[in-house]
Amino acid sequence: MSSHYEAPVRKPLVLGDKSYGDISNDIARPVETPPNTDWWIAFSIAMVAFLWGLGCMAYTIGTGIGTWGLNKTVGWAWDITNFVWWVGIGHAGTLISAVLLLFRQKWRMGINRSAEAMTIFSVIQAGLFPIIHMGRPWLAYWLFPIPNQFGSLWVNFNSPLLWDVFAISTYLTVSLVFWWTGLLPDFAMIRDRAVEPWRKKIYSLLSFGWSGRAKDWQRFEEVSLVLAGLATPLVLSVHTIVSFDFATSVIPGWHTTIFPPYFVAGAIFSGFAMVQTLLIIMRKVSRLESYITIQHIEMMNIVIMITGSIVGCAYITELFIAWYSGVEYEQYAFLNRATGPYWWAYFLMMSCNVVSPQIMWVKKIRTNIIVSFVISIVVNVGMWFERFVIIVTSLHRDYLPSSWTMFSPTFIDIGIFIGTIGFFFVLFLLYARSFPVVAQAEIKSILKSSGENYKKLRDK
Amino acid sequence: MSLKRLHVLFDDDDILLDAVKEIVKSKIYIHEVYTPFPVHGLDKAMKLKPTKISITTFIYGCIGFTVSILMMNYIMIVDWPQDIGGKPSFSYIENMPAFVPIMFELTVFFAAHLMVITFYLRSKLWPFKEAENPDPSTTDDKFLIDMDSGSNLSKTKSMLKKMGAISIKEVKE
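The listed protein sequences derive, respectively, from chains A and B.
Heads up: the first sequence begins at 1029 in our numbering, then just goes up one per residue.
Heads up: the second sequence begins at -2 in our numbering, then just goes up one per residue.
Hints are computed from structural coordinates only; laboratory data are not their basis.
There are no misleading hints in this set.
Covered by chain B, according to a simulated footprint, are these stretches of chain A (three or more residues, beta-carbon under 8 Å):
hint: 1; segment: 1181 to 1192
hint: 2; segment: 1201 to 1215
hint: 3; segment: 1245 to 1251
hint: 4; segment: 1262 to 1270
hint: 5; segment: 1470 to 1478
Where chain A lies over chain B, by a calculated footprint (3+ residues, C-beta under 8 Å):
hint: 6; segment: 26 to 35
hint: 7; segment: 41 to 48
hint: 8; segment: 130 to 137
Keep in mind it's a predicted model, so treat the numbers as computed, not measured.
Just so you know, even glycine gets a beta-carbon here, dropped at the ideal spot from N, CA and C.
Whenever a hint applies, use it, and build me the whole structure from the sequences.
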């Protein structure tokens, strides 16, 4: 027992009187039992939204980008807002699984699997937007540096848009293998307890024949550590490069050096909010309260509060630098942002992102599930508006006052966005019923140090 | 007397670890240990060599870095140099700042994917591979040592019993 010592000040991460076998049972239960009516209702709603979005995408591709609300002045708006929003949401998964692994934070183990799933599903949504905006998505492979027979040019490696292609592709594929490698022992657990032959067959295939030899585990741990070391700078680079899409331009309001850190903080902020939204529901529905505890929710709320404050500092720094730069175009861009016709979007951004997370300073509030859930939704709305504010308010009043205009989305714009939310939830709901949603092998390895029953035993 | 092979089951990681140390000390060969989660210190107790996978990863990263430089040098400088926005591309080193993001991304891409592929191949993990753990409970909550019986079977058995084995099975080679 002595080798499992953990300071008594640390609160237990696995509640209740759990044995190794209990953990297997708890994690396998949602996979082995048929979904209830609520799941089917949620799945049907998500599916309808997804199909509606598919219809809008088909209409866009069949008719052209003219079906969107874009105009000559505002050439980027709704689609890129959604793109950045979805990519940002993805960041929390990697932060939880990689950065917290490097910092040896044990509380990540209850939530990392679902957070990584969320990363992958949301990056898929993000990737859809630039591809649809191409107009001819079947030519998307032209983004890759392939020798071509068309007599045209290579891709331009000076362009941040191409950096984005590489960053997002690397991010998506590396996150996927990181996730899958961690899943292998858990799939094997479900495979070995499966009664029905079809279930055994499916999970045998998914688990790649994982056997749990000592050497496998030694390599597994090394691979996890090195992948975390690679994923940490990767995740920071991805949103940095997304911010370069704007920061390397010459548009007042976009051309700011603060963008990379500001975007990364915002990404973590919105991502944690989405993890919070999903897991507060999931812990209840899948009866995982012993593994995703109030302490986990509190920790995530603290991250939300801190990153929200960083984002708030960035907003104020931007305003200060605009004034201090002495550039009147820059000054007008920010004055217009805060007091112009889109003031309400700016106000929503400020109140949702900067003000609302500050209530988390109070312990009673940050350990309250309902408040945490509401704030997580508020933050997601706020972060969507942040991207909208940055993109649309910087464009709609450009250098030529005669071309000043407003942007309003068409129902196609809105339909595609709703469609991606539907697609995301379709994937997540399927995941919740077919994948081990908690990294049970990792939880078992900390049970003796952080399990409530073992802690009590030690205190005696 | 021919050597027998034993499959010994345990239900606790600490007991398993002590047993492995004991077995190694009495110079009985351990073929393999199957556990449901990483038991820390097990590799040292079994005297397994440290894995070299992170060294290969460093090499893979270097390959990715080199590939990115060669690729962009060929595409942007050699094959079709352009003057984009008054910035002619006639020298890789002068244009390098714009190439840094992709040099970084490809380094990570190569390092991560080739490392995972190496891990899967070395540990024999791929789709449609049959699992090799002898007892299905070793992915749940049991720990199994696959070992030789040693010269004296009954003595080994009583030693294992005393160490807390919950079942001992003799298997054919």
